[in-house]
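Top line first, the protein sequences correspond to chains W and V. Everything in the first sequence is counted per my numbering, starting at 1 for the first residue and increasing by one. Everything in the second sequence is counted per my numbering, starting at 1001 for the first residue and increasing by one.
It should be emphasised that the hints constitute simulated quantities derived from the structure, not laboratory data. Be a bit skeptical, because a hint or two may be false.
[As the list claims (entries may be wrong)] Derived SDA-like pairs: lysine to any residue, alpha-carbon spacing no greater than 25 Å straight-line:
1. W:K60 / V:Y1430
2. V:K1488 / W:G65
3. V:K1339 / V:E1353
[Claimed, not checked] Chain W regions said to be covered by chain V (calculated; three or more residues, Cβ under 8 Å):
4. 4-16
5. 76-86
6. 114-120
The beta-carbon is built from N, C-alpha and C at its ideal position, and this holds for glycine as well.
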Amino acid sequence: MSDTSPILLVEDNPDDVALTQRAFARNNIQNEIVVARDGEEALRLLEDGLVPSLILLDLKLPKLGGLEVLDRMHADQRLRLIPTVVLTSSREEEDVVEAYGLGANSYIRKPVDFGGFVDTVRHVGLYWLIVNEAPPIEGRP
Amino acid sequence: VPANPAVTAALQRTRTFAAAGAMLLALTVLVGWGIGNVDLQRFVPGQSTMKLYQAGAVVLLAAALLLRNPAASAACGALAAGLGLVTLAEYALGAGSGFDELVLQDTFSASHPGRMAPNSAAALVLLGLAVLLQTGSGRAARVANACGVGALAVSLLELVGFTSGARELFGVAHAYMAVPAAVCFVLLAVAVLLSRLDIGVGRALSRGGAEGTVLRLTLAPAFLLPLALGYVRTLIVDLGVSQNVADWLYSLSGVVILTACAVFAARYLGRASEVVAATTERLRTLVALSPLAIVTVEPGGNVMSWNAAAEQLFGYTAAEVVGKRTPLISEAEFESRKKYFDVIAGGATVQEEAVRRRKDGKEVIVEMALSPVRDAAGAFVGVWAVYNDVTERRRIEAELVRLNDELEQRVAEQTAELLAANSELRAFSYSVSHDLRAPLRALDGFATALEEDYGEALDETAHDYLSRIRGAARRMGGLIDDVLHMAKVTRMDLIREPVDVTALAHDVASELRAAAPEAHVDLQIDDGLAVQGDAALVRIVLQNLLENAWKFSAAAKRPRIEVRAGEPGEIVVADNGVGFDATYSDKLFTPFQRLHAASEFSGNGVGLATVQNVVNRHGGTVRGESAPGGGATFTFTLGPTVSDDESTVQSNAKGGRT
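Only chain W is shown next, with the shape it has when bound in the complex (with noise of 0.2 Å):
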């Protein structure tokens, strides 16, 4: 059983976030794809009852960057359990650390070439989307 609630892309660069969607329509990933440029839309996008079956964060953000999203998200009951997979050009071991500690359940480095990209994308969807049985967060279809 395939989710199909949005995903919800936390990415402050607009190749990426062409390059991101063209992968997931690449997969034949069909959910919606909302788009937050920083760390404050996204949670705000949350908080005004946006419930994403995936969340894909980058960590370098404007205004707010994504391990302080990852901690607003953490100290919430609800944005807690709602998958969130770091998705980052870093790979700095205290980053992976951090983010883990903060209650990431992934973390992904992109690669620079696309073709590899595109695979990432669809490991990613494959196993948020599909193999993982997903938590029950009210206001969720």
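Here the structure of chain W is known, so what remains is to put chain V in place on it, guided by the hints.
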């Protein structure tokens, strides 16, 4: 003046001889009683006999003095004194108690048979008390001393009376002290008085210095001369020489002998005062030549002496200050320091550091030691002050502290700068890893999109361009990764420990084999290779060197790689690959510098730079040697090369591994 140990020993010997002599004499008298020989009882014909009990008491007292045992002294002393007291009581009551002849009958003595003379009894009481009390402390010992002196006086009077033929003066109740008894009593009195050298007569005689010597020189003649001369006079009168001639001889010998004693004592004192003068002179020279300023000051504050070093240190000449108030401290300060004088007068030495003002107004820091000046009688008459100038030393110390502080400050500043630089580097590499990669992803992604979506509309050249764009983007991605890795190596903490290089090399080699199972490389790794270093970093070094060796020897007919020991502390990685042009060996370790075309061998030119980075962090060296086609040899050390001896020690410490 402390007692002279030789004198003390001589006095102790005299004491022993005196006690032993008394005992011998008394024993002889006892033998006389035992065999009924009157001459042995009296020694001098026509005189009284020494009585049985009297001789027995003398033996006991002499034994107690020889044994020097408090219990024996108390018992014998009490017994002798008791015997004397009973005898005196008999005289006082005018009645015999039967006690006198309890053991043996005195068939010789007409009056008071078996009973000693009253003065003998008195001497015995005194000697008994002296022996009883001489082992005691303080007052008891002083009483014993007085008793000894009394007994000596009583028995000497009797003896002098006998030798000078004037016995009638000393007979009491027609009873005379026997001559052997008088001699015994004199000897015992001498032994008693010398049994305590810390008190009374013993102390006076054993005293060190001129005083004791003169006393010892004059006291013996003073006692012995009248005895000896009186006896000689009696003898020559008995020989028929007239009384007047005998008196003349008596006086003359007295004059001669006493003059000799006086000359002897005077000479001795003269020598002693010469010694004192020489010592004083030596002391004066010492003070004059001393590099330390030495000053004496009266309790009132007037300077008594001022040596040359003091003139130099304080700038005042002796003439300027001697007899006047000390110029070194103000009157007020002198008054406030008066309490020190009591402490110093009590014998304490005060040591302290102080600031004193020179004549020219400059201040000097001095270490000061103060101790009392005493006159001949031992009274406190002033203060010795010895000054050591420590101004320069203190200045240097202060300078040292200042320099040290400055150094610490600089180190702190530099550490802060270093930390700042380090954190900047961290921020930079973080930014590189994020921001520099994003455009590359866009380049590759959109080139791919273009190819996928509009591929059909593009010709072959356009496809080639797109593939070049994507290739360039990926290469740059790899480059960024390598640079980040190199930066990470720089940042990693270095933990030095023994590292098993052989095991690490085998580990890396198995990874290389796994990645390229088709390659047949002859990989020779020596056993027992070890270094002191950070295991993770050493692994990075081996990984890079072995990867290079693997890569560059792949084309050889029989690829061969060796990992072996070089000079002590060196590890060598050698291959038989293509090598490199030795002309450019200085560029080997420059980041991004490649000596082979990218088309020939892949790589970014970061591997050897990373190796050098690690080796440098360990304080070691790395070098590469090659001739083109002759293989490459890389040699590295971690830390300064140690000598053979030290490496033996280190290898022992590591459990025998070399």
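Consistency of the hints with the structure:
1. Between W:K60 and V:Y1430 the CA atoms are separated by roughly 10 Å; this keeps the pair inside 25 Å, and the hint holds.
2. The suggested pairing of V:K1488 with W:G65 holds, with an alpha-carbon distance near 23 Å, which does not exceed 25 Å.
3. For the proposed pair V:K1339 and V:E1353, the alpha carbon gap of about 17 Å is at most 25 Å, so the pair holds.
4. Taking a C-beta to C-beta cut-off of 8 Å, the region 4-16 of chain W contributes 3 residues in contact with chain V, enough for the three needed, and the coverage statement holds.
5. Counting residues of the region 76-86 of chain W whose beta-carbon sits less than 8 Å from any beta-carbon of chain V gives 0, not enough to reach three: the coverage restraint is violated.
6. With 3 residues having a beta carbon nearer than 8 Å to a beta carbon of chain V, the region 114-120 of chain W meets the requirement of three or more and the stated coverage holds.
Violated hints amount to a single one, hint 5; each of the other numbered hints is respected by the structure.
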